[in-house]
Amino acid sequence: MTQPRKVRLMDAGQMAETVQRLAAEIMARYPAGSDMGIIGIRTRGDHLSRRIAGIIRAELGSAVKLGTVDVTFHRDDFRTRLPSPQVGPSDIPFGVDDLPLVLVDDVLYTGRTVRAAINSIMDFGRPASIELAVLVDRGGRELPVQADYLGLAHAAAANEHIQVRLEEVDGSDEVLLLEYGG
Amino acid sequence: MTEPTVSLTHLLGLEGVSAADIQILLDTGFTFREVLDRPIKKVPTLSGINVVNLFFENSTRTRISFELAEKRLSADVTNFSVGGSSLDKGEGLKDTVLNIHAMKMDAVVMRHPVPGAAVQLSRFVDAVVINAGDGSHEHPTQALLDMLSLQERFGRLKGLKVGIIGDIAHSRVARSNIFGLLTMGAEVAVCGPGHLIPPQVEALGVSVVPDVDDLLGWADAVNVLRIQRERMGAGLIPSVREYRAGFGLTNERLARHKREIIILHPGPINRGVEIDSDVADSDQAIILDQVINGVAVRMSILYHLLGPRAAG
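Protein sequence lines, in the order shown, are assigned to chains C and U. With my numbering, letter number 98 in the first sequence gets 98, and the count goes up by one each step, no holes. With my numbering, letter number 199 in the second sequence gets 199, and the count goes up by one each step, no holes.
Don't read these hints as lab results, they were simulated from the structure. A hint or two may mislead.
As the list claims (entries may be wrong) - Dumping the calculated SDA-like pairs for lysine to any residue here, alpha-carbon to alpha-carbon at most 25 Å: (1) U/71 with C/123; (2) U/161 with U/205; (3) U/42 with C/98; (4) C/65 with U/31.
Isolated chain C, as found in the complex:
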């Protein structure tokens, strides 16, 4: 198998700026004193949500509620999918009823993961609203889902893969565009 062609869409500095901007946009919507929750989608959305919540906590001094959701059990391709990252427990240590929530993921593609995450959160209660923050929107939607807070839009072709690498799991911060032959 030939190696894919790599293009860097975001380096560590640009990622830090982008995460900072996403946090600022969320703070503009939910100023100090607002009650809200941030929920990351396992695995990389979880780490991004921690960074965003960290910035908001530091700037506003407010206790942003932070949770994580694993969508494996809610996927619509249970029997046909490729093996995916290991399933872990969802952890939403607060009541979601009547609370505005921001869902965080690294890449928005078909929208199916977001759909599964929304369904999963609904099993915990009835939030006031759910918004979506993503680092990269690569297009290719199969469901009517869009991001409310967007880091970078990059329309990728079907033979291209967006790889978000994070310090916490991959050892470095960057976004790569991998182009496979064909």
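Given the coordinates of chain C, work out where chain U should sit on it, guided by the hints.
For chain U alone, kept in the frame of chain C given last:
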């Protein structure tokens, strides 16, 4: 970082199942414990998948536990129970196979009085077969829930000292626990009336401790088997009082040991026979944890056996 998949096609017993497979089933069991704590304790994972529970032998809690596990995964569940007495064993299993083919079932959970019945069934059906107890052979899901409960309590299985008390010779719970615990690196000792200890049991790597007090001095946890009253008629257990005096987990007996020993029981409990009421209700008994862990580990088993297979 791909999802670990089990190498098993069916779950027929724990004999020969690898430590890696057991660990995957236990780890996902903990994940399903979280699902069971949600306000809505149900996920759509097995939506559209058909599971039949075939019970050729009486069972309440195992059958309900499987049914709950299946429903909480959104599977379509069919129950089929027959009283043991009305069963013509040879013909019964053949008809079972034909019916499962006709009903296009994806998975069969079967309890059967004949040892090896699940193995036999798995040779002839396309469906995933899960053994819910076959005679005195194996009861793998019970052993997995016992191990999940021990791992939850102690944080490990390796090096754990586990005693099993009761009628070892006729117990599928004991057999499955012995296989599973030894594979996971635990130490196992069995204790019970001499004629109910199988003669070859030490060859499995298990030690025999004839005296309950010696066992309690050694063990971190003990699994107290139910005394099957139906065996008393056969003359295997002379009387309830005699059994209690010799092997019952009584308050006085436990009080003689300073350490807190964790107590498991597969249920249903004969209070005042193999275990005293106060002991069964004490904090060191994790019998009700076993019940919830039973649902979680059965969800894990269904999830892994019915999920995507490793790319091959």
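- Query: What are the numbers of the hints that this structure violates, sorted from low to high?
  - Reply: none
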